[in-house]
Amino acid sequence: MGRIWGFLTRTRGGNKLHITDMITYLYLGLSVIIMFVPVVWLVLSSFKSSAEVVKFPPRLLPYRQETVEIEGYDEPLPLYEVSLEDGSTAVLAQTRRVGLEAQMIDPQNPDDIIKVNIEDRKPVESVYFGLDNYIEGVQSFNFARYLRNSVIVTIAATILTLLVNSMAAFALSKYRFRGRDLIFLIMISTLMVPLSVVLVPVFLVITEVGWNNNLLGVIVPGAATPTGVFLLRQYMLTIPDELLDAARIDGASEWRIYSQIILPLSKPALAVLAIFSVMWRWNDFLWPLIVLSRSEMFTLQVGLNSFQGELNVQWHLILAMTVLTLLPITIVFAFLQRNITTGIATTGLK
Amino acid sequence: MTVQSFTGSVGGLFGRLIDSVLGFFVSILDLIFGTIQRWIGIRGMPYVFVLPNLLIFGIFILFPMLLNFVYATTGGTEFYPDQRPWVGTANFEQLSTCENFLDPNTCREDLFWRAVFNTTGYVILQVGLMVLASLGTALVLNQKIKARGFFRSVYFYPVLLSPIVVALIWKWILQENGLLNGIIVSLGYDKVPFLVDAQWARFWVIIISVWAFMGFYTLILLAGLQSIPSDLYEAASIDGANQWNTFAKITMPLLMPQMVVVLVLSLIRAVQIFDLVFAFTGGGPGTATLYLVQYIYSKGFSSPSKQFGLAAAASLVMAGVLIILTLIQQLMRREEQ
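So the protein sequences, as listed, match chains A and B. Just so you know, we're using the numbering used here here: the first sequence kicks off at 932 and counts up by one. Just so you know, we're using the numbering used here here: the second sequence kicks off at 9 and counts up by one.
Heads up, a few of these hints could be off.
Claimed, not checked - Have a look at the derived ranges for each label pair, beta carbon to beta carbon:
#, chain 1, residue 1, chain 2, residue 2, range
1, A, G1061, B, T114, 53 to 61 Å
2, A, A1021, B, F158, 48 to 56 Å
3, B, L140, A, F987, 29 to 37 Å
4, A, P1038, B, D198, 38 to 46 Å
5, B, E101, A, L1122, 28 to 36 Å
6, A, I1086, B, R116, 42 to 50 Å
7, A, S1120, B, D198, 48 to 56 Å
8, B, F71, A, I1170, 26 to 34 Å
9, B, F158, A, S1237, 34 to 42 Å
10, B, S245, A, S1237, 55 to 63 Å
11, B, F158, A, A982, 33 to 41 Å
12, A, I1086, B, M340, 25 to 33 Å
13, B, K199, A, I1044, 38 to 46 Å
Rather than coming from a laboratory, the hints here were simulated on the basis of the structure. Idealized CB from N, CA, C, for every residue including glycine.
Given the sequences, and given the hints that come with them, work out the whole structure.
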């Protein structure tokens, strides 16, 4: 406790609270709120029932109305706190509602029906984190299918990206051959060309290849990223050529040199590219949106977007599915947080 | 810091994962490539290594880039280039026919000009705010504060979220009965139509895109700040420089390379804004948040009469802007050196 207090009140100049410290911590405190509250609010809201979600003003925590099982009634009955005519309050279960009048019974004494004006009753509620939205969402939203597609795309594309780019980077960094500089130049010059610039012709190419509504159409085209080649090439340039020459004298084939020497030594750079590739592919939207038009081929991002368009009012399901979509990335972030942030700071990639 | 020291720590799990996955492919490919080498000799091998990459790159990036010119110079609604009649610069003329360039209503392709104006306004305000916010945050994080790693990841976490998720999170907060209106009403004010009012929608698109990407630029600037040698600051304080002088004369000049990177990267990104807004407002209300990429997308893919020529022409205009931005960066970098 003492240490925490010491930390919280620690200042620049001895014991006096310096103005810069105050501004610094005010800024940090505020920004933690701004950065985190939206996500926390999303997660809390995702547990709310469909009735609760549309309530205004919204409440912080998800609540559920208490119910009670009473013999003679098939469904559990909702509990209300009722102010009775004599001024006392009682907890009663509602059997049915007719217009402005609710028919209530006392759970202890279920035979007498008490008629109450609906203005006089208040639901008995408790905080409840239920998975109802998640279960309903997964069923109606075909979440499992989208998840499967997203996982396939992310894993296959990342493997392909690592393989294809490391092979090219190996050739570009360790051989002199005719056309090498030209190839490198063309790749570098397209570094900044985004997909949005070639939208229409890319769609034609995909159609001609026959990859419309095929996950291959999402996986393959983005695999040859100039960024990846560039990153790996810069790294491989630092591997001494003598290693390769020694292996050649020992009779190793070029492929063996690549797979047994270059790849293991480039692991750090490959890991950076792997993390980025997973991030890119999991979050990718525009490319899958164009290639995939049948809903059973949708990835999570495309599925989520079309889901919010279809069921515009079903916020309780959308919220639950949004949480499920951000969960994998959040878990990856929690474990690799330091590596990701340092990786970006050092390579300037995203 | 080098890439090496970064991944040293990932080594364990990730390394092994990469090992086992790649190992499998590698052993199959070993056989194939050994045969190829015996066949074409060692001099041919580099071509074999670049081939898969070049094939994918050529078919899906380079070829479409060239094909874009074909689309831009042909008209009609046919999808296959050989069925499209040559129209020369007609698409560009259609895009650029305006009686008064300041008023999109007088333009033949008014949507294009609305998108251009919206994008320009968005880019200027968003990039300005982005640079200020990430610089401020980087400066604060560069102070001697405890738990810097924690705060750094606080800012960074939204960077990893997909644009669709970011859009939905904020749509949920800003909708009519959302959290923000709840707070506003509880303070005794009226609800604000954040997503229905054009100006508010534009405002929030800027805010949430800064919210989502800020952590990335903060990291770059923080790395720059931390590479400034501390003895410079010591010397300045011995000379009696005040904080503002230190900032203006030492910090800013030495941070310039990173500032240029942040400025250019955020510019290039801002010009291409699409998925976030597409899921957040869908370009609306009306055309208030219709930006260039969405214009291209809707011309080519979602409008009933597909005008591929216009879409391609507009995307070439955008490519031109991006190339100019990249060239400016190269020039500034050269000047730095």
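Item checked: Numbers of unmet hints, in rising order -> Checked against the structure, the only hint that fails is number 12, while the rest are satisfied.
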